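Participant: Protein chains in written order, with the numbering used here: chain Y, 46 to 404; chain H, 138 to 641.
Hints were generated in silico from the structure; no laboratory data involved. Please read all numbers here as calculations on a predicted model, not as lab measurements. Idealized CB from N, CA, C, for every residue including glycine. It is possible that some hints are incorrect.
Simulated crosslink set (DSS-like; lysine-lysine; CA at most 27 Å straight-line) [said to hold, decoys possible]: (1) K288(Y) with K482(H); (2) K191(Y) with K407(H); (3) K152(H) with K63(Y); (4) K287(Y) with K273(Y); (5) K206(H) with K194(H); (6) K273(Y) with K407(H); (7) K273(Y) with K206(H); (8) K288(Y) with K152(H); (9) K191(Y) with K482(H); (10) K232(Y) with K221(Y); (11) K287(Y) with K507(H); (12) K530(H) with K194(H); (13) K152(H) with K287(Y); (14) K501(H) with K287(Y); (15) K273(Y) with K463(H); (16) K447(H) with K273(Y); (17) K194(H) with K273(Y); (18) K392(H) with K191(Y); (19) K194(H) with K275(H); (20) K254(H) with K287(Y); (21) K287(Y) with K407(H); (22) K288(Y) with K194(H); (23) K288(Y) with K507(H); (24) K63(Y) with K530(H); (25) K287(Y) with K514(H); (26) K191(Y) with K206(H); (27) K507(H) with K273(Y); (28) K288(Y) with K463(H); (29) K501(H) with K273(Y).
Restraint ranges, calculated between C-beta atoms of paired labels, are given here [stated by the list, open to error]: (30) I510(H) with F247(Y): 19 to 29 Å; (31) R526(H) with M200(Y): 46 to 56 Å; (32) L536(H) with V382(Y): 23 to 33 Å; (33) R526(H) with I196(Y): 48 to 58 Å; (34) G509(H) with F82(Y): 24 to 34 Å; (35) A518(H) with V265(Y): 56 to 66 Å.
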Amino acid sequence: MKIGTLRFEKKQTVSLYKKILNPIVFIILGMAFSCVFIAAAGFQPIAVFAKMISYSFLSAKGFSSSVNAALPLMFCGLSVAIAFKMNLNNIGAEGQYAIGAILGGGFALYGPDLPAPFSWIAVFLLCALGGGLWALIAAALKAYWKINETIVTLMLNYIALLLLDYLCYGPWMAPKQTTAMTSTIPKSLYLPMINGISSGVFLAILIAVLLYLFLRYTTVGYRIDVIKNSVRSAEYAGIPVKKFILIVFVLSGALAGLAGFVEVTGILHRVQSQLPRGSGYTGIVIAYLSQFNPLAVIIVAILFGGLQNGSAIVQIMGVPSQIATMIQGTIMVFVIVGEFFNHYRISVDREEKKGGART
Amino acid sequence: MEKTAILEMKGITKKFENVMANDHIDLQLFPGEIHALLGENGSGKSTLMNVLLGIYKPNHGEIFFNGEKVNMKTPKNAADLGIGMVHQHFALIQPLSVAENIFLSIEKGSFILNQQKIEKQISEYSQKFALDVDPKAKIWQLSVGEQQRVEIMKLLCRDSRILVLDEPSAVLTPQEANEMFKTLRRMADEGKSVIVISHKMNEVMEHADRITVLKNGRIADEMLAAEASIERLTRAVVGERDIAQVIHKPQHQDKDLLVEATQLRVFNDKGLVALHDISFQLFEGEIFGIAGVAGSGQRELAEALAGVRKISSGSVAMKGVPITNKNIEERISMGISFIPEDRLKMGLIPGMNMMKNAILKEFKARDYSKYGILRNKSIRALTQSYVQRHDIKHGGLDLPVGLMSGGNQQKLLIAREINGKPLLIIAAYPVRGLDIGATVSIHQTLLEQRDRGACVLLISEELDEIFEMCDRVAVLCDGKLMGIRNTDETDYGEIGRMMSGESA
């Protein structure tokens, strides 16, 4: 039998129903595929997944820790999403997160004592400022010298993480500690927990909603959309494109910096080496899967938080952490591939003409 | 004499969303003929050809090649049968040479690039078909007309038997167009079949053998070119719709000075001088034409006045206020409007909907946003008023403008540009590539703007348009201003000589 040609056709519109169903189908496929190496490692695949899901999403305690794990992911996802709304490839959320945590955390640890709401506000603003300033470096290089922001933000990540390492191993390391972490911040700065869920989640949801409305209904959001679609038409209409690159990039960095705020004040209560733990990169995947929709970022981030949380819990069953990470990676790859099928239809053309197929 | 058709399309029907782009179209093509497809933009010509080329799949209909039914599933199927097309936008790789481009397009190209063999083939075809192409030249060095010849050469080297050309004369001077049709005739004499998509009636009557007229996706008329007349073609193309005639009103005297440009020097994208220290004055209530062959500095002049391009030396003042260093936003608010030549690259945003395109320059106005929040209701009303006033045909205000036909896109762009009652309207080739209906409507609009007191700077390659529309005309040649004339005191001959660089 002759094999026909594969054809990829771009779909014009995707229904909401399919947008939601599609990732679920591919998560299940990814889980099915993961069964191979779970079984190979000598575990019961069904039992492992049952444990993951029932703990991460179906138990109250497990779900709250899934949401807490998702908290920095939400901010990193929002950060990447807003940047991409103007075709800016900010892959530096990781570094902006770290600098935000350094500035805000440093103030929390060593800054003056302020009365309750002001101390929070100060740490909040400093985290946003740290992330924003770190992003401004890449933004200015991009706007004024057209230097590729992808590479600059990536390189800045290494600098930021090494700076964080230096502080945590060096001057900021808590006395009598063997691991690279600071002492805890004052209790008065702890974000309250509500039923085991950090109240930072409400901040994330609020910001996501505001961002969504901002992009959709304001003249600034409109101009961002114009620049994304056509820089030349934006210039033609008198929109200051360079200024917008700076604004949007700094906003994106500030959101990543806020991941530092919620993690330091809400979860860890200290600054530590390698604090972002890849959240900035996972944020890219989350933003992509959410189609850069801020509201979807929140939901997808919780899924990813649950995945992280679930792979931690199965380690109690004796599943090695490497296997757990493989499960995470496999499901991620399947969901990304699934995204492709949301936008393209594949059909097979069988050649009918004789001699049409060449070997 | 009964000839057998090499190609037969039967009952081709193609639907897009709710629009019938092709509605049961039958078309026959014979060897050795030049067949013209005539019709306004959006009449279905391009869709039909895209079906033939295997780019679109028709909803119904069959295609027969040499009497045998064929299935055009991919462009490769069409290429294998020897059907090739020269698109309006050429598919050439700029840094490569002519021979290299042609090599790439030959599907059975060998692994090793045999430059000599290809060059020999090219020069052979060059002679045979009077198709002057230098195989060693790089594409970027060639004029648009020469690039078109390379595209035709590509099809010849692929042994195409059916050649489709989409609006081939749109980018050519009249002389070049004549040369091209001579080449096409030689190819037809060799037994090849040529389909020419066009909306120019004179051209198809002169050069084609048969003419098929499409209207609203259906065949409106078909005839031998010998039987065609302008009246019959017009009736088929525009139907019974009444076309308002453009009336050129005499200009009124003693007008106020609007723009004074002194010693303008502007560079092009390649960093070369595009305008050599030119000076001119523009008055309120006039249409000031800029004539010249393509690439004489027209684009740079338009962009420099609009503020999109930097003025390197010299000065421009509007109503006595210097604007040389003013940015685009300031110039817009002073009343400068700009209709750019490539509307989908600059001017309109194809991926955004009509409403978002309609407010591109006015989103800050109090009517359309309050405290930075867009007022969708009034934006919709504004867009609706554009649609009504300019008779814009569209599939919905929420659909991307990239899906609209060229004429309707241009009407939307012009509606937006004249909405703020500008003082100066810079119009670069505003009707290029548009059908008669849209052309008349746009000319009418520009004349209304002049009568309102605005100055229209009209850049055009068509002398007919210049003489029909303009009060005065300036001629550019190689970035130099050859002179300025009142259109009723000069003639085609003089302007033509100035365009070719003869100083008057």
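Participant: Which of the numbered hints are not met once you compare them with the structure shown?
Facilitator: Hints 7, 8, 13, 17, 18, 19, 20, 22, 24, 25, 26, 34, 35 contradicted; others consistent.
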